[in-house]
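2 protein chains.
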Amino acid sequence: MKQKVYLDDLPWEEALERYLSYLREAGSLSPGRPELVPVEKALGRVTATPVYAIVSSPHYHASAMDGLAVRSADTYGASETAPKRLKVGEEAIAVDTGDPLPEGFDAVIMIEDVHYVQPDVIEIISAVPPWQHVRVVGEDVVATEMILPASHRIRPVDIGAVLAGGVNSIYVHPRPRVAILPTGTELVQPGAELKPGDIIEYNSRMLGAMVESWGAVPLRKEITADNFESLKKAVHDAVDEADVVLVNAGSSAGREDFTAGVIASLGKVLVHGVAIKPGKPVILGEVRGKPVVGVPGYPVSAYLGLELFVKPVVYGKLGTVPPAPEKIEAVVSRKMFSPLGVEEFVRVKLGQVGDKVIATPVSRGAGVLTSLVRADGIIRVPRLSEGYNAGEAAPVELLRPAGEIRETTVIIGSHDIALDVLANFLRQKYPAATLSSAHVGSLGGLAALRRGEAHCAGVHLLDEETGDYNVSYIKRYLPGIKVYLVNLVYREQGLILARGNPKKICGLEDLVREDVRFVNRQRGAGTRILLDYRLKEMGLDPARIRGYDYEEYTHMAVAAAVKAGAADAGLGIRAAAQALDLDFIGIGEERYDLCVPAGHWDTPYIRRLLEVMAMPEFQEEVRKLGGYDLRDCGRVMWHNDM
Amino acid sequence: MKQKVYLDDLPWEEALERYLSYLREAGSLSPGRPELVPVEKALGRVTATPVYAIVSSPHYHASAMDGLAVRSADTYGASETAPKRLKVGEEAIAVDTGDPLPEGFDAVIMIEDVHYVQPDVIEIISAVPPWQHVRVVGEDVVATEMILPASHRIRPVDIGAVLAGGVNSIYVHPRPRVAILPTGTELVQPGAELKPGDIIEYNSRMLGAMVESWGAVPLRKEITADNFESLKKAVHDAVDEADVVLVNAGSSAGREDFTAGVIASLGKVLVHGVAIKPGKPVILGEVRGKPVVGVPGYPVSAYLGLELFVKPVVYGKLGTVPPAPEKIEAVVSRKMFSPLGVEEFVRVKLGQVGDKVIATPVSRGAGVLTSLVRADGIIRVPRLSEGYNAGEAAPVELLRPAGEIRETTVIIGSHDIALDVLANFLRQKYPAATLSSAHVGSLGGLAALRRGEAHCAGVHLLDEETGDYNVSYIKRYLPGIKVYLVNLVYREQGLILARGNPKKICGLEDLVREDVRFVNRQRGAGTRILLDYRLKEMGLDPARIRGYDYEEYTHMAVAAAVKAGAADAGLGIRAAAQALDLDFIGIGEERYDLCVPAGHWDTPYIRRLLEVMAMPEFQEEVRKLGGYDLRDCGRVMWHNDM
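Chains as they are written, first to last, in the working numbering: chain Z, 113 to 754; chain R, 113 to 754.
Bound-form chain Z, shown alone (with noise of 0.2 Å):
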């Protein structure tokens, strides 16, 4: 089998600057021939040239307010012992806000401060300074000034403005067209019926969304199968077509990775992988003098590129840069290892905990798009650093925008799909807030608590000697802190299992079989110390259970692993088990605690969850999720003081 290498492992500022540099000199970076368009329909167009008023704005002397317009040098000498008479219709003349003064007038007196004597007179007792309450020509605008440069993104002011200006359309420079070539023989369009190997081909709609949001016009092609040829074709045809064309994927070095071949065969390959993670796979190329980009396949892989390397092109068509990303300063939560020689994008979770911003990384995984989804921001940790530890400060880039992070209750521990309910409830009732959980195990949750990095854990920590939840945890592992315990829910543990039970499987005793395949969960979990309590009770060794070391991280992950027949049993929840229609047999019932430090307490962050798990909609969706019990629901079981 020959193996086909990458061309490069550029640093990608590197790789960029190549890129953009190569494709200036070429002049296709330049925007295309600027479009007449109405400015009412400008909205997020881009001005190709400076727009300049061809009317002063306003272009009259206009009334500023309600009153009577006045010749100021009638006024002159008015005074309190001196005052002076006008007649209304004749020396003093009704406006509005917005008349025109009648000729030779050059003030307004507001409605509010005229004295009538008479019907038909006022009297004035101060001088009126010339154009007091006039809007003079040209006061916003004056005719042939520039009201906006070119380059410039059209806003609902800018609109305005230019109408004002008497400038009904304007050029701008045309939306870059972007087309998107999806390739790859496993892919089928949403809606088809799977089979496995059937990819769901999603990134194109993905991708075709982000450029999109930039300002171009996506052009979603057909699938192109993994074949020379066909790749070549419709490649080919995209160039005749659109300004900009995406090849995803086949941008690898693998067998049926013909993407750079096809580009080379047309065009230019410039760059053909870059030294990042995830997305090394990227290819930069050109033919017929436009940009042909390789994106990777891999979801988190596809973003990354097209965030790096697509949208600065977009933007160049348009004759602009990328806005720069609102970035802040976070304090790592754990050590956050990274390979040398590459620059890795871990997608990060944010909270405002205290007086720190927290980031905490979630799935590293080029495949697990869920983890862009859910996270705030990203860490860039550079090509020649291994990394951040634990208490660290790093920069991060928003994907949200901080004043969210600051509204977002931040909960580390266990994971119980209650709490994705709880999410919900909570947004629904609270729009600005956020629930943000990440899921370490019971354990890893009041180490988080210890070090400042959460607003509550999540723990079911059974005590084996007193049969009690939580408390004797928290006194080892928080001492000196005061928290609060409140009950979110009792839940069913048990064994999951496939449905129909094929392999007969009665109880934990089993798990020691032969043909028995186990997942487990991590250590620190509180259903994996549940789960030793008991096998100590029945004298079991966990030596003794294949897949003892398959460890997973949520119930869900391992009722999955039970789905897809990749264990047999596994201990979890039973709403896990209910929800992928599995079997389940109970080993008992667990308590699961909100643990609150008392500083965070009477905060809206805490205070929110409380009243949402107040609601009886909250509850009752809970229940529905199957082996749960709500009778403690938001009660208070422990705090320090007790």
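None of these hints come from the bench; they were simulated from the model. Watch out, some of these pointers could steer you wrong.
[Stated by the list, open to error] With a cut-off of at most 25 Å between alpha-carbon atoms, the simulated PhoX-like pairs for lysine-lysine come out as follows: (1) Z:K541 x R:K541; (2) R:K380 x R:K423; (3) Z:K468 x R:K468; (4) Z:K423 x R:K153; (5) Z:K423 x Z:K439; (6) Z:K468 x Z:K380; (7) R:K153 x Z:K153; (8) Z:K439 x R:K439; (9) Z:K402 x R:K541; (10) R:K389 x R:K423; (11) R:K541 x Z:K423; (12) R:K439 x Z:K468.
[To be verified] If you anchor each label on the Cβ, the simulated ranges turn out as follows: (13) R:S281 x Z:K736: 22 to 28 Å; (14) Z:E504 x R:L148: 43 to 49 Å; (15) Z:V149 x R:V329: 18 to 24 Å; (16) Z:R735 x R:P513: 44 to 50 Å; (17) R:V329 x Z:R400: 39 to 45 Å.
C-beta: ideal position from N, C-alpha, C; glycine also.
Given chain Z, work out where chain R should sit, using these hints.
For chain R alone, kept in the frame of chain Z given last:
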């Protein structure tokens, strides 16, 4: 004349809270019936219900790499001293990224790590852990998991993740339909021939673009004349058709302001008049369960009225809240007085000068829409404050991203039209860069440099004794500060006169004539100093000039006053006369320089300007304005060590 009054003068937060509570209780703030839309058309829409995955992603165990799939159990015990061999095609099966693992296989060896000992036999020297390089079922999303909560605005990545979860259509809140009713007998459509008193109806286009950018559908209606019955019918019909109705304007309390009366006759006026400036005459009403808002007529007031009162309603009907604006702290460059009792929204220009962000107020007129176009942010002066002193820090809500503000070169000082051309070329050459110029006259510019508020100042200050420009003023006003003085242009100053010179003005001596009305520049302007110098030289008493106290701040404003007949003559540059097609009598050439403190000299703020000033296209464009000589453009005329 019977004078109606505002009902209210409420703090805006109170007015808003009263309004939203009322609407909420009336059910008028709830989103309409959810719409089912294809996910790929859902960009920017807001979810009406949570979105749950229907299929897992991946929905099968997928190879995460190109390589060979193996059974991990087959590799246990392998080591360098005891390697294991696997038969390709039986025990090791070639897979590409995304391929399903063959039945019974549970790990992948990357192609780069495969060691062939025979064409169809590979050797393994360490055990392969289960699930190595495998994307297990549900790694991204598990079927039944919540992908998005309700009330979430769809971004491109969400489209990808939802489709990946097997969901092709989602329920979103309908876009609220917002009817916009322009009212006013004086309004004419853009493009109409303008008579004095005609006002171009541009507000509805601006307001339409605003609500559109928030996610609503604007329904722009025909102009209604100022007539109670016509307006009543228009509002009645609009309430039938739309979810929210905006009446612009007639919201004040004048003779022809019918909006409040109309709303009261059809429904209810909850608030009329809010303690804000600009924007006081806002009407918050309700007709048949629908919000009806009277929006003030001045464009800046209209903009603010919408931002404060309509935006929360539109977002509310989308099940969410407006995003919090980005905020920064800035140092106020000049005393900013604001009346007690109203919250004033002061538009400011911003620039990063040294380590401070400087805020300089622009025009505060409610009719000056270009002030909003040019503003970078808004400072809110609270009701119980009389404003800010120069040098005080104030919070600013940004209208442009902070990143752009950091790229802004701040020039404060005398006005020259060439600065607009410079701004335009700068933006074209450096799309991220902006030139922000504030016009306070030459001496004002030097004062701004002294206070560290600008990167440079535009100055043309004639030394009456030496005939030289600027240097003696710099020595006097910037003692101890090192600066560079770079020439921008020489320009012709002279009398700007009505076309055809009807008053037969031949020189400065005619300014003292009884029948000649003059328009002056403000104190501290170089042009004013030039005038005073020449008057003194000629022995003319300024007190004899009619209009000597009528001050404008720019050459264009002076020219506009002459053009409109508000004055017969003004002193200014030839380009301003030429732009408005006026007569001009030159009185001499003067030098216009940029004064740059040495600390800013070698920064991008100045380097970029100098680069643009060296461009022949820039110089040509300035020459075309008329009256300019660029023989020294970009030349350092003086610096302190010379």
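Hint check results:
1. Z:K541 x R:K541: 48 Å, violated
2. R:K380 x R:K423: Holds. K380 of chain R to K423 of chain R sits at ~20 Å (cutoff 25 Å).
3. Z:K468 x R:K468: Holds, because 23 Å separates the two Cα atoms, which is no more than 25 Å.
4. Z:K423 x R:K153: Roughly 21 Å between the alpha carbons, so the hint for K423 of chain Z and K153 of chain R holds.
5. Z:K423 x Z:K439: 18 Å, holds
6. Z:K468 x Z:K380: Judged against 25 Å, a Cα distance of about 48 Å means the pair is violated.
7. R:K153 x Z:K153: Given pair K153 of chain R, K153 of chain Z holds - Cα atoms ~20 Å apart, limit 25 Å.
8. Z:K439 x R:K439: Satisfied, since the Cα-Cα distance of roughly 13 Å is no more than 25 Å.
9. Z:K402 x R:K541: 22 Å, holds
10. R:K389 x R:K423: Since the Cα atoms of K389 of chain R and K423 of chain R sit roughly 18 Å apart, the hinted pair holds (cutoff 25 Å).
11. R:K541 x Z:K423: 19 Å, holds
12. R:K439 x Z:K468: 18 Å, holds
13. R:S281 x Z:K736: 22 to 28 Å: 23 Å, holds
14. Z:E504 x R:L148: 43 to 49 Å: Taking Cβ atoms as reference, E504 of chain Z and L148 of chain R lie about 47 Å apart, which means the hint holds.
15. Z:V149 x R:V329: 18 to 24 Å: 20 Å, holds
16. Z:R735 x R:P513: 44 to 50 Å: The hint (44 to 50 Å, Cβ to Cβ) holds, given that R735 of chain Z and P513 of chain R are roughly 46 Å apart.
17. R:V329 x Z:R400: 39 to 45 Å: Because 41 Å falls inside the window, the suggested range holds.
Of the numbered hints given earlier, the model fails hints 1, 6; all others are met.
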